[in-house]
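Protein chains: 2
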Amino acid sequence: MGKTVECKVCKIEEGIEKPDVDELLVREYPLSIFLNEKKLATLLCSPENLKALTVGFLRTEGLISSSADIVSFNLNEEKGIAEVETKNKDIARESFFSKKIDLESIKEQAIDGIENFLDSLNCEPVESSSEIHTDKIFDFMRINLDYSDVFKNTGGVHCVALCDSKQMLAVYEDVARHNALDKVIGESLMKNIFLKDKAVILSGRVSLEMILKAAKLEIPIIISKSAPTSLSVALAKRLNITLVGFVRGNKMNIYANGYRIKH
Amino acid sequence: MGKTVECKVCKIEEGIEKPDVDELLVREYPLSIFLNEKKLATLLCSPENLKALTVGFLRTEGLISSSADIVSFNLNEEKGIAEVETKNKDIARESFFSKKIDLESIKEQAIDGIENFLDSLNCEPVESSSEIHTDKIFDFMRINLDYSDVFKNTGGVHCVALCDSKQMLAVYEDVARHNALDKVIGESLMKNIFLKDKAVILSGRVSLEMILKAAKLEIPIIISKSAPTSLSVALAKRLNITLVGFVRGNKMNIYANGYRIKH
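Going down the list, the sequences are from chains C and U.
To convert, note that position 72 of the first sequence is 72 in the numbering used here; the numbers rise steadily by one, no gaps.
To convert, note that position 232 of the second sequence is 232 in the numbering used here; the numbers rise steadily by one, no gaps.
Do not rely on the hints blindly, as some may be mistaken.
One copy or two, it doesn't matter: identical chains are merged, so the pair holds either way.
[Stated by the list, open to error] Straight-line distance between alpha carbons at most 27 Å, and here's what the computed DSS-like set of lysine-lysine pairs gives: (1) K11 to K87; (2) K11 to K39; (3) K8 to K262; (4) K79 to K166; (5) K136 to K225; (6) K18 to K39; (7) K18 to K225; (8) K39 to K136; (9) K38 to K262; (10) K18 to K136; (11) K152 to K225; (12) K51 to K196; (13) K166 to K191; (14) K8 to K251; (15) K136 to K166; (16) K166 to K38; (17) K87 to K251; (18) K11 to K251; (19) K18 to K38; (20) K18 to K89; (21) K251 to K152; (22) K152 to K87; (23) K8 to K191; (24) K262 to K18; (25) K216 to K39; (26) K237 to K87; (27) K216 to K89.
Think of the hints as simulated: they come from the structure by calculation, not from any bench.
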């Protein structure tokens, strides 16, 4: 299934109307994930790397710990259905509900201020001696931003790349940032790629959710073209994650744990 | 509470390191909504217009139909808690879970293809004779994009404006697009502003979720600076919603129901 869809649009420019111009739209695709025959969530995503997305989603939601937990995977791309069977069938349904899981699982009581809120997320600091040079960061960001024809044609996708200190290992794209990161994570699990010495390169903004997903896999370095939010910086500092933002041209901002950045 | 947070960053430019440079981060704030003493969701948002956000969120999630359904609202900004009491205490908890509600409420069975998926969202077409002129669209987009000092300083927020055919009525900003739209909707409910003849102007992309929120309030016109996704165009066509994208300079693309656009 293509990543874009053709569409007729009416263009207006300087008051002149041009009807029926061909344009490409980024394809947004509903993937319903059934876990052990129960519906878990419907992800709105780009229709590629759907197994990686499913595995990554299950992992970052805490429903599996490795791809070995999955005994069968069946994808019906036309119907938009991924059926997953896991070894352990007793995964509690209450802790699902997609992007909201981390927040929903917070105990149901008042949380007093930001520090307690961050405590409640229940993540461990990342221990990693991995480092990366600024030259590589500039290179990898350029490659990442240049990767997607869909982005160039439609402006509608995010790219997330995985790299080590020397080279880019993979790039995944999706209409949603968090899905692109889940694809990286899922593919890494399927290929048994060790993530504790890697970095991820994001084409989009860094919100708390992106740091949380990285933290669950103990990815030590997160690099973004764009701005991080206050909570993402606070959580990165607390979890010993290196956070670099606004990587543009030959400039970058180091927001947290710069000791992993060499130049 | 300010919309930005000061932060020390280490800047690297052309290999030169400048430590401890003051930068502004967009503030991301966790707001936990308790409905009739039960926790409903934690929204990550910008800390302003939190009552509008709460009311809009409850409305677009289908938990209230107007602000008159709310008998008390109490906000503890420091703790990040909004407590809402509604007249009807029997709102089913199962249909909560924030952004996922529309997708989760889809019947738990196979959905065969995109058309059936869109059917399952269960929205009615919008009937509205409202129109807007392209000159106004260009003006309103300029004002909307110029509105936010936070955006200019941090690049980290989205703005959503409400307008009629003649003037801008309000602009709300948030770290998340869907929250900014919920703020517009919540404020409109609180002020009894009729939405069926209005347009919303978005600084960000248009995904299915944004069309769904507008559809629930029967907002007939959606205008975006950026790209729509394939599903958002398909749903806008089906629900008789006018969708305009890529409004830049003196150009725009009309993706659906252009009969409401005059020029």
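Intra- versus inter-subunit Cα pairing at 27 Å for K152 with K225: For K152 and K225, both the intra-copy (16 Å) and inter-copy (16 Å) Cα distances are at most 27 Å.
When no copy is specified for K38 and K262, does a C-alpha distance of 27 Å or less occur within a copy, between copies, both, or neither? neither (48 Å within a copy, 48 Å between copies)
Cα distance capped at 27 Å. Does K18 pair with K136 within a copy, between copies, both, or neither? between (45 Å within a copy, 19 Å between copies)
When no copy is specified for K8 and K262, does a C-alpha distance of 27 Å or less occur within a copy, between copies, both, or neither? Between copies only: 19 Å across chains, 49 Å inside a chain, cut-off 27 Å.
Taking 27 Å as the upper bound on the Cα-Cα distance, should K136 and K166 be classified as within, between, both, or neither? within (7 Å within a copy, 51 Å between copies)
When no copy is specified for K51 and K196, does a C-alpha distance of 27 Å or less occur within a copy, between copies, both, or neither? This pair counts as within: shortest intra-copy Cα distance 22 Å, inter-copy 41 Å.
Between the shortest in-copy and the shortest cross-copy C-alpha distance, which are at most 27 Å for K166 and K191: within, between, both, or neither? within (19 Å within a copy, 57 Å between copies)
Could you figure out if K18 and K89 sit no more than 27 Å apart (CA to CA) within one copy, between two copies, both or neither? So K18 and K89 fail the 27 Å test inside a copy (56 Å) and across (53 Å) alike.
Can you tell me if K11 and K87 fall within 27 Å by alpha carbon in one copy, between copies, both or neither? Result: close neither inside a copy nor across copies, 53 Å intra and 48 Å inter.
If the cutoff is 27 Å on CA atoms, where do K216 and K89 land: within, between, both or neither? Let me know, please. within (22 Å within a copy, 37 Å between copies)
What label fits K87 with K251 when the C-alpha limit is 27 Å: within, between, both, or neither? Neither: 48 Å inside a chain and 55 Å across chains, both beyond 27 Å.
How would you classify K152 and K87 at a CA-CA limit of 27 Å: within, between, both, or neither? Intra 42 Å, inter 50 Å, cutoff 27 Å: neither.
Comparing the model with each numbered hint stated earlier shows that hints 1, 2, 4, 6, 8, 9, 16, 17, 19, 20, 22, 23 and 26 do not hold.
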